[in-house]
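Residue numbers (our numbering), protein chains in the order written: chain A, 68 to 691; chain B, 3 to 232.
Hints are computed from structural coordinates only; laboratory data are not their basis. Be aware that one or more of the hints could be misleading.
To be verified - Far from chain B by the CB rule (all over 10 Å, computed), these chain A residues:
id, residue
1, Ser283
2, Glu600
3, Gly608
4, Pro611
5, Ser628
6, Ser685
What the hints assert, rightly or not - In silico EDC-like links for lysine to aspartate or glutamate, alpha-carbon gap of 20 Å or less:
id, chain 1, residue 1, chain 2, residue 2
7, B, Lys184, B, Asp168
8, B, Lys81, A, Glu688
9, A, Lys684, B, Glu83
Stated by the list, open to error - To give an idea of the chain B side of the interface with chain A (calculated C-beta under 7 Å), a few residues:
id, residue
10, Lys68
11, Phe85
12, His93
13, Pro116
Heads up, the beta-carbon is just placed ideally off N, CA and C, and yes, glycines get one too.
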Amino acid sequence: MSNSAGFPVNDLLRRKTQTGLTVTTLTLSVASTLFLLQFSSRLGLGLTSQTSTLTLGLTAVLGQFLLFTGVLIFIIGAVLTSISVFLMMSQRTRDFALIKAVGCPNSLVGGYFMTELLTVTLVSTILGIVFGFLADFVVAVLVFSSYILPILWYPILIFFTFFVLAFLFGLQPILKAAQLSALEALSPVTYFGLTEEAKHKPLSRRALTWRIALRSLYRRQTATVRIIFLLSTVFILLTVSVAGGIIAGDTSISSIEKPIGRDTLAIGQVAMINQFKLELEKFSQKTHENSDFNYSNQQYAIPYTLIEQLQTLNSVALVDPRLVLHEEVAEQPSIALGSSTADTYDVGGYRKGQSIVIGIDPALCSGSWTIKGRFLENNAITEAVVGDSIAETMYVPNFKEGINISDPLLEGISIANGDFKIVGVVVDPINNGFVTYVQIDGLQRATGIYHNNLLIVKLSNSTGRDIAINEIETAAREYGLAVYDLNLSVEKNAAFLSSTWQTIMFLPSAILASAAICLVAYMMLSVNEQLQEFAIIRAIGAKPNIIVSISAIQSCIVLLSSSGIGLSFGTIITFIILIANPVFTPLTILVISGWILAALIAMFFLSLYPAFRASKKSILEIMI
Amino acid sequence: MAQPRELMVSTEGLTKTFKVGQRKITVLKDITLKINKASFTVICGPSGSGKTTLLNLIGGIDKPTKGKITVAGQELNDKDEDFLSEFRCSHVGFVFQAYNLVSTLTVEENVAFPMEWLRKPPEHIHQRVSELLITVGLENRATHFSAQLSGGEQQRVAFARALANDPEVILADEPTGNLDAKNAQKIVQTLQFLKSNGKTVIVSTHDQQIRVLADNIICLDEGKLASNNE
């Protein structure tokens with residue numbers, strides 16, 4: 068080995084602990100980023116393959132969530148990489164000066180350190196990619212029970228980005244050291260960075276411990292600011308994943324429960340009930356309804372006498388008569404005004420689709436919806452509300468077809484012979500969101516079908532549930548109609564959505580682990596850098612636990628400031644960007660707080676590990 | 003009849019071995035010595051003879067591999083780290099060759115540290131810090147950090163810190179080793195002051211100016227006691 072390559076390699080091997088720490092941190096950073104991105108991409112692929120279930124709106128929400136998480140994971144990895152290398156090279160400023168002081172030319176010393184930097188970053192990024200692949204393989208086999216080769220540009224992107232970032236950030240302290248004269252670099256003022264006079268008098272033993280902790284943080288302010296930035300990003304991600312995940316989960320579950328509601332029954336002919344049940348459960352199961360089913364068949368009509376009879380029952384809170392049809396629907400484009408009255412622009416095109424169309428009486432409606440816009444008004448017979456899947460397929464810009472602007476709330480929909488203005492977009496599990504609601508009179512007028520074919524009955528709280536169902540079943544049986552408890556379908560849909568979110572919620576756990584590794588790595592570097600100081604303090608009489616106390620204060624400050632920033636931004640992002648109409652209860656808030664608190668406590672205790680280890684060493688061991 | 007003098011330090015068969023990789027290096031071999039209270043002892047010997055290790059053992063910073071050591075009436079061999087910390091703080095003042103000031107604390111905070119650790123009252127600490135800084139001539143540098151002081155000034159702060167709790171024994175490891183003649187002279191004056199105040203002072207040094215203050219000179223050679231001239 069040539070001398071120029073031999074020195075850096077020997078130097079790295081001589082400083083086993085520091086080299087090992089930096090390589091481990093970098094490797095973990097690259098590996099965890101690659102693994103998390105591949106894992107979220109696998110989750111995304113899983114969601115895409117589920118498009119025969121879920122509504123398109125909810126798939127989009129989940130996709131958006133995963134995309135945002137992926138971007139943050141990448142940023143965290145990149146920042147962690149840059150910090151680790153920066154810290155490693157910053158610690159070498161003094162060595163750089165020492166070698167210069169004994170007569171080695173600047174360019175040669177620069178070359179040595181550059182080679183060290185290149186070796187460490189190259190080895191770590193390669194190791195990181197290998198471990199990232201291995202972790203992905205193991206988890207894919209365990210969680211997804213199969214291994215499909217992940218997207219290959221992820222490792223390539225991570226390798227080049229992280230390598231370049233690590234190199235550039237590591238280069239900064241080398242260049243800074245190269246510009247300093249040997250005398251300047253060796254000066255304790257330059258090294259310690261403390262030149263201001265202290266203003267306060269010592270107060271107590273605790274105050275001194277605080278001062279040492281705070282001033283050490285201040286002395287390493289560049290590193291401190293960077294680790295706070297890194298952990299803030301981690302906490303943003305954690306908040307978005309935990310709070311966003313739980314709230315988005317609750318919100319989406321609520322969104323698919325509300326249209327049907329709890330304690331509701333469906334009454335109709337057996338065939339109609341079965342068909343409606345299939346349309347409803349398509350959301351969670353890959354079932355197919357009967358495509359030849361004739362909704363408009365007169366034999367499915369519900370007698371008005373039954374509606375009247377049900378309305379008199381104490382066990383019934385509401386009877387919601389509906390006309391359910393399957394129709395071809397067509398987009399009705401419109402013209403919108405621009406900023407000045409002279410300007411107009413075309414909105415939408417003439418696209419067509421298939422939809423379940425439900426005619427309802429808004430005054431008697433038993434359901435409620437998560438809605439963009441508003442729901443139908445009483446007697447507004449020319450208004451329609453479309454499901455999110457209709458909106459996502461028929462009312463989105465399509466540049467190939469020359470539709471540059473499209474917005475369901477500015478357009479209309481044609482159903483049979485009637486035209487309706489769209490006033491709202493709802494999340495609805497029926498037919499996976501390919502559903503349209505219109506006022507029943509308007510639908511009857513447009514189709515010429517003047518009967519109801521389905522009753523949704525909401526139970527009152529006054530009678531026991533079983534007694535109420537029994538009473539209603541007796542009434543329906545007199546007309547040869549079947550009764551179906553809609554709770555069964557609602558529960559299936561909610562359970563499916565809940566399990567989808569639970570899979571996604573694996574990400575926060577992985578992110579938490581990654582964040583804990585970041586913090587422990589930082590604390591290891593930090594404790595390592597302060598070891599000499601700790602040895603001095605102990606030599607003059609402080610007990611070993613002062614190391615833990617100082618580290619605990621530093622860790623607390625870093626964690627509290629970064630969690631403060633992260634939680635604030637995370638909450639804003641969750642509510643403003645990711646979830647428009649959040650649903651949360653006191654229990655949700657408790658669960659989220661519990662998660663984040665547990666994460667903070669776990670990270671705090673993990674971060675003390677390097678200090679505990681150092682406190683167990685003898686003074687001389689530390690000093691050497 | 004002369005009164006028997008009280009012992010401050012006594013060692014018996016003191017041996018210290020370090021493990022470096024697979025090799026064992028014995029730095030101190032079977033050292034038996036006695037140092038009286040209120041005496042001024044100089045430890046001399048070539049580099050690597052074990053002077054610093056002996057001071058570390060007396061100061062409770064390190065533990066012997068074999069043998070017995072008693073300092074200020076306390077047997078130190080089998081004591082745990084917490085006891086030794088307490089012992090160092092109350093009974094020993096240590097001055098290191100490399101000064102070893104806490105870089106994140108100011109001069110006055112460095113001097114106050116051992117007193118804070120023994121939970122002395124704030125008024126006492128303030129008064130003692132002022133006294134000690136006047137003694138070492140650094141009263142105008144109280145709020146400076148160690149990085150802003152010269153080597154001589156740092157060593158004087160180290161002396162002030164070592165005296166903070168009025169310890170029974172003061173250990174100084176080559177206190178003038180890194181200083182010029184002028185600064186070394188100030189340290190010698192400080193040592194003289196300690197001697198005249200009846201402190202037990204143990205100094206490892208090559209400095210002739212310090213050697214002339216000695217009541218007792220212990221010479222080490224390759225870890226063995228070469229001579230002990232009381």
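Hints, verified against the model:
no. : hint                   : verdict
1   : Ser283                 : violated (5 Å)
2   : Glu600                 : violated (6 Å)
3   : Gly608                 : violated (3 Å)
4   : Pro611                 : violated (5 Å)
5   : Ser628                 : holds (19 Å)
6   : Ser685                 : violated (7 Å)
7   : B:Lys184 with B:Asp168 : violated (26 Å)
8   : B:Lys81 with A:Glu688  : holds (18 Å)
9   : A:Lys684 with B:Glu83  : holds (10 Å)
10  : Lys68                  : violated (17 Å)
11  : Phe85                  : violated (10 Å)
12  : His93                  : violated (10 Å)
13  : Pro116                 : holds (5 Å)
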